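2 protein chains.
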Amino acid sequence: MNEFELIAHLTKSLPANDSVVAGAGDDCAVLDLGVPDKLILFKTDAVVEGVHFMRETPPEKIGRKALARCLSDLAAMAGTPTAALVTMALPEKFEVEFVSGIYSGLNALAEKYGVAVVGGETTTNPGRMLISIALLGIVPRGKQILRSGAKVGDAIFVTGELGGSLAGRHLEFEPRLTEARWLAEHFHVHAMMDLSDGLAGDLRHLTAASQVGAVLLKSALPVSRAAKLRARENSRAQPAALAALTDGEDFELLFTVASPDAVKLLDAWKKKFSGLKLSCIGKIVAGEEIHLRDQHGSHQLNAHGYVHFA
Amino acid sequence: MNEFELIAHLTKSLPANDSVVAGAGDDCAVLDLGVPDKLILFKTDAVVEGVHFMRETPPEKIGRKALARCLSDLAAMAGTPTAALVTMALPEKFEVEFVSGIYSGLNALAEKYGVAVVGGETTTNPGRMLISIALLGIVPRGKQILRSGAKVGDAIFVTGELGGSLAGRHLEFEPRLTEARWLAEHFHVHAMMDLSDGLAGDLRHLTAASQVGAVLLKSALPVSRAAKLRARENSRAQPAALAALTDGEDFELLFTVASPDAVKLLDAWKKKFSGLKLSCIGKIVAGEEIHLRDQHGSHQLNAHGYVHFA
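Protein chains in written order, with the numbering used here: chain A, 1484 to 1793; chain R, 1484 to 1793.
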């Protein structure tokens, strides 16, 4: 049983109440707590030593990444973050300067996006460090963007470039909060999520939630310089396009809009965010399969994010 | 540097914004997100294998305890819980039945108190299991009870019995949500918190936040049967009264009201909650020291929760 199967098993029937607008299965939970014009977004995310960062990672970057991952999930709902709690599980021996460094990195990013850090706790986790962030935010009522709204015929977009994030970007990425809010304000975005596990796997979560399929164009994938460099320098590395599909930790936005809006969106985006690429990478189709088209034809992407290149 | 010194160091200057009513340092953070008549309570708490539960602890009890600890913190603010997120950090090898059992225990308690479980995540924590709960709740605006409101002359109360929790109660305690809300509705409670680290240590957090001191009466301490039993059966165990002061994991309410309200409160409590003891254990005094009075005189309680019996 992999992570996604386990989560599906555990979240089959969870306790609910009247406050729940969207529960498990999207980037954030959406709650109605009675704010007249707003809904509440609620999210947790953890980073673990040896998995999401290394012991030698500078502490400021660890703290920054821990919060940035959560902010990216809030961006995926077109939300605005409000307050965070920090849970630090520390090994029995640790340097106070290291822990302070984690907070410095985290606090700097919190300041940048107006997030209050309102407490948390420290506890013991013998052997390794784990940092979990709980984040609250708001979204104008009715303006939250779920994964489940994609429609047949939609154009699929992705921000930035994909692949090779582990070369460094995973510690320095910018959560797309500003871009997501602008999208929600100016366009009718049907479905959106952030890319954390790799486009091939993440797109499947979006299409499954929307009960649709998708076709991607290989030549349209925005492959990062880091992924290209690695593919060129190391003949045993996977091809750059495959890296863009499966590396993960991209933390870019994946979203769909009706096809007639696509050109208008690309034009407006270029004017507004000239420093950040926006790529139309394919379209939503009927069915439930995801295909990748290249000069040789169409190949099915499998459920685990890996593509069988013919 | 102990846990409390570390937290004090880390929380000296945290990013804030206009939503923060009370940040780090109380049982929950209190936020104003614009609900006309309510404030939002926000809390996280983690349990770690080998620290808060053992590998042989039944999984249902682990899940129950993880949520109950958070609910106890919400009770300490006189709040009502709304929604929880569950973060499970799992070792590389785990039994799906064990993880399902954790959710069963957690979900059953969530149902009992009307809490929606709206998602969370699973991640890897090689070597041991860690479960962190993030909890949201509400409290009528202006009715939240902080640690900082105790006044000189107040009577100090504690619910239930203290000490010996590790004999079993720490896995089965009932968060005092109902009792706390009743208190807030019917009496002017000046300060309140839940007991997690032991009365001697926790009371110090309350008196420090309120800038007052306290005198406890040893004979008034409600010592649990489990603590008495252990003291009687094992000559090397600490005296039962010391266990009640320092064992921790009691998850009872500690609160203060003006002295003239004390008798009325005890009478009303007996009628309302006949199955749960309420004890007046001392009073708030000027200064910053905490003393324990017994037949031999008055002894100072030290900062780490241990009392030097003369």
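Read the hints as simulated data drawn from the structure, not as lab findings. Among the hints, erroneous ones may be present.
Copies of the same chain look alike in the list, so a pair counts if it fits in one copy or across any two.
As the list claims (entries may be wrong) - Lysine to aspartate or glutamate pairs mimicking EDC-like chemistry, simulated, CA-CA at most 16 Å apart:
hint: 1; residue 1: Lys1634; residue 2: Glu1771
hint: 2; residue 1: Lys1634; residue 2: Glu1772
hint: 3; residue 1: Lys1544; residue 2: Glu1532
hint: 4; residue 1: Lys1755; residue 2: Glu1543
hint: 5; residue 1: Lys1576; residue 2: Glu1486
hint: 6; residue 1: Lys1595; residue 2: Asp1501
It should be emphasised that the depicted structure is a prediction, and the values quoted were computed from it without experimental measurement.
Discussion item. Within a copy, between copies, both or neither: which one fits Lys1595 and Asp1501 at a CA-CA cutoff of 16 Å?
Written reply: Result: close only across copies, 15 Å inter versus 34 Å intra.
Worksheet entry | Copy assignment of Lys1634 with Glu1772, given that the CA separation must stay at most 16 Å | Within one copy only: 14 Å inside a chain, 67 Å across chains, cut-off 16 Å.
Practice prompt. At 16 Å max between alpha carbons, let me know whether Lys1544 reaches Glu1532 within a copy, between copies, both or neither.
Written response: For Lys1544 and Glu1532, the Cα distance is within 16 Å only inside one copy (13 Å; across copies 28 Å).
Item to complete: Please work out whether the CA atoms of Lys1634 and Glu1771 approach to 16 Å or closer within one copy, between two copies, in both situations, or in neither?
Response: within (12 Å within a copy, 65 Å between copies)
Worksheet item: 16 Å Cα cut-off: does Lys1576 pair with Glu1486 within a copy, between copies, both or neither?
Response: between (30 Å within a copy, 12 Å between copies)
Discussion item. One pair to classify: Lys1755 and Glu1543, alpha carbons no more than 16 Å apart. Within, between, both, or neither?
Written reply: neither (30 Å within a copy, 52 Å between copies)
Hint violations for this structure: number 4 only, all remaining hints satisfied.
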